[in-house]
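J.: So the chains spell out like this:
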Amino acid sequence: VTSPAPPVDVGHLLRRAFAALIAIIVLSGVAGVVTIVPLANEINRQLSGVLRIRAANGQVRSPLGDAQLALDGYLATGQAADLQAYHTAVQRYPDAIAALRRTTVGTDEAAQVEELNQRVTAWQAAADRLAATPPGTTPSPADVDQVHELIQAALSSSLAIDTTLTTRAATLHQSLGRLTVLLVIALAGLTVTGIAVATMIGIATTRRITTPLGKVVGALDELSAGRIEARVSVPGAPKEIAAVAAAVNATGVQACRERELGFASRRLSTAVRDPLSAEQATATAVRGLGGLFAADHVLVRPFAGQDVIPEPVTWSAPSAPGDLGPLAQTPVDWLPPDTDEPFVAAGPTDGGGPPPMPERAALDSAQAGSVMTLAVGEKNECLGHVTIIRTPGHADWTMFEVQVAEIQAADLRQALMRAKMFEREKRVVAQLREVDKAKTDFLSTVSHELRTPLTSICGYLELLVDEDAGPLNSQQTQMLQVIDRNAARLRGLIEDLLIMSRMESGRLPHGKELLDAAELITATESTFSPQASTAGVTLAFDVQGPLPVRGDAEQLDRVLMNLLSNAVKFTPRGGRVTVNATSESGHVVIAVRDTGIGIPADDVPKLFGRFFRAHNATDRAIPGTGLGLSIVAAIVKSHGGTIAVDSSEGAGTTFTIHLPVAEAA
Amino acid sequence: MALVLVADDDADIRDLVLFKLEQLGVEAISVEDGTAAIEAVRERRPDLAVLDISMPGLSGIDVCRMIRAEPEIAQTLVIMLTARAQEADVEGGFAVGADDYVTKPFSPRELTSRIQTLLNRARA
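Protein chains in written order, with this note's numbering: chain V, 1216 to 1880; chain X, 8 to 131.
There's no promise every hint is true.
[What the hints assert, rightly or not] Restricting the straight-line Cα-Cα distance to at most 25 Å, the calculated cross-link-like pairs of lysine to any residue (SDA-like) are:
| # | chain 1 | residue 1 | chain 2 | residue 2 |
| --- | --- | --- | --- | --- |
| 1 | V | K1654 | X | E39 |
| 2 | V | K1784 | V | E1664 |
| 3 | V | K1652 | X | T110 |
| 4 | V | K1652 | X | T119 |
| 5 | V | K1654 | X | P63 |
Treat the hints as calculated values from the structure; they're not laboratory data. For clarity, every value in this text was computed on a predicted model and none was experimentally measured.
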């Protein structure tokens, strides 16, 4: 495991990379110069030495050629001038050979020079002898040939030196050429190495910058995509990138904290809104806010004039310093009741604005550090104020915390208003119950009080009709029938009222026995046949039994009686009342159809309402209480069924009841 | 001859029932409240008592309960009269041992026929 390099900054990395590049360029130049220049100088020095030797060698051959030429002239002409020229030329030789010797000291050519000089010495001895022959004398041809051979030998030596020098110069030129090639190769190598090193440095530098930057960008992408658990770790990254990574991580941590706070806030909202009493909601709120914000004190102070929060509610953390008592007794009259802005401060005496002195003193008693006070309520209805306190040394409020606190204040307000409404509703319900009980008692009493006199009326009527008190004439019988009919109506009304009141108070007995609706329907035939024939109405039954239903026989019978008596009652002479009953996709369907006066379309929706009577019924003075159909509808509903009406005025009406078919036990 | 006691706080109803019973040849006496009713049962030992449930003082239910509690008169037949044909009243009546009940407004014909039925059954 290698420990990460100490962090550096991006600028430093780039400077280092550039410095390395420049150093490589300079170094390669210097290396080239330092290695090539001395070598080239040496070669040049040697080349100029060769040139000097070659020049000196030429200077040696010049007097020898001149002397031989002059000697041959003298021997041919015997001229003294030629002889003189010979001697002059010979005298130039020693200087020339001395110069050649100087130039060849320490060289490979020194031996050749000595050989040349020996050959010149041999030639000069023979030449001097010929020169000594008097003018006009012909020397022996052998001597002349010998001198020519000797001079040729001497000149050959000199030329041999030239040849050697030419070879050396060529070698030197070759060396120079090789050196140049080497230099080019070395420079190219250095350049390639430099490029490679520079590339490596570049890659390394880029890596140290782009890799961590890429991680940071990745983490930022994750964060912005909502995956706020994303964190970035960039060990050994440059300082600037490490700083950015730390900032990104801090953002993530903050987002997580805010999310947690958001979750906790939602849980608290639910808890605060749950209870139905103002006391419970407020107590839950102060305790919850304390936990939510890691606060030391929380209190809710009632606003003057409202009746929802009866008294201040406080909460303090177990080990919190300070006394909340004075603050609880200080009214928040300094925060405008119609403001939406909470009071947020890093301390009770912050700035010199609000709060005023009594509040500040009370905050001091509570040892308040950071304070937040929010109104609970809406613009025109302030219920109170919630104050959240952290003691000094704890964190100040973040923007998010203030927002969360505002939401909580709004939730508390909602809970308090709901509790208030619930209390009001409870009172109203209790009052309604009392009223309902009074109504039931009243109905019960009235019915009792009505039934007793009715017993006497009907009883004595019966005695009279039965002629227990003596025979009656036909007029008396007719009159007594009128009384009997109206007494029966009165009985029916009292009966309907009682059933209605019992149904509303839920005290109507409701059996659940298995019944055959077909039997119930058929049984009504005998009840209504006489009535129908009296009214001149045809009564027809089409019942496809058995029709098993579960319910209360007496109540279902009441339904049938009501519908049939209505049908007969509202059908003019010559009309027809049909009862169809069958079972159809899980339901017993009972239809009571008449060819009566029908129901005006406007009245149909109100038909099942209490005491409602269609206006064509009242217009014709057809008796009725307006309770029958509402009782029918209530009974059908309590049996899990539905009732529908289809009517056209003047043509007739059909009531259709659907009741669930009872499963065989 | 059988003796029937009629207890009702309404004189018209008492007279109505008495009239109908006398017409049928049944001996009948009447009282107007519960206290008088239990005393009459103890003294006159009627075969059957028609008791209105709601009477001032002792109710019909109370009287019926007392009748059933005293061995000497416990066998007296009881028909309850109620103006409130509610389950609670009917059940209350049967719970204390009434033999039958009739709801107001009742038909005198029906009441006397029920009385006769009970008396015949007791005699048989």
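J.: Now, for every hint given, state plainly whether the structure supports it.
T.: Now the hints, each set against the structure:
Under the criterion of a C-alpha separation no larger than 25 Å, the hint pairing K1654(V) with E39(X) is inconsistent with the structure, at around 29 Å. Using a Cα cut-off of 25 Å, the hinted pair K1784(V) and E1664(V) is violated, with the two alpha carbons roughly 30 Å apart. Of the supplied pair hints, the one linking K1652(V) and T110(X) holds, its CA atoms being roughly 23 Å apart against a limit of 25 Å. Only pairs whose Cα atoms come within 25 Å are accepted, and K1652(V) paired with T119(X) is rejected, the gap being roughly 36 Å.
About 23 Å separates the Cα atoms of K1654(V) and P63(X), which keeps this hinted pair within 25 Å; it holds.
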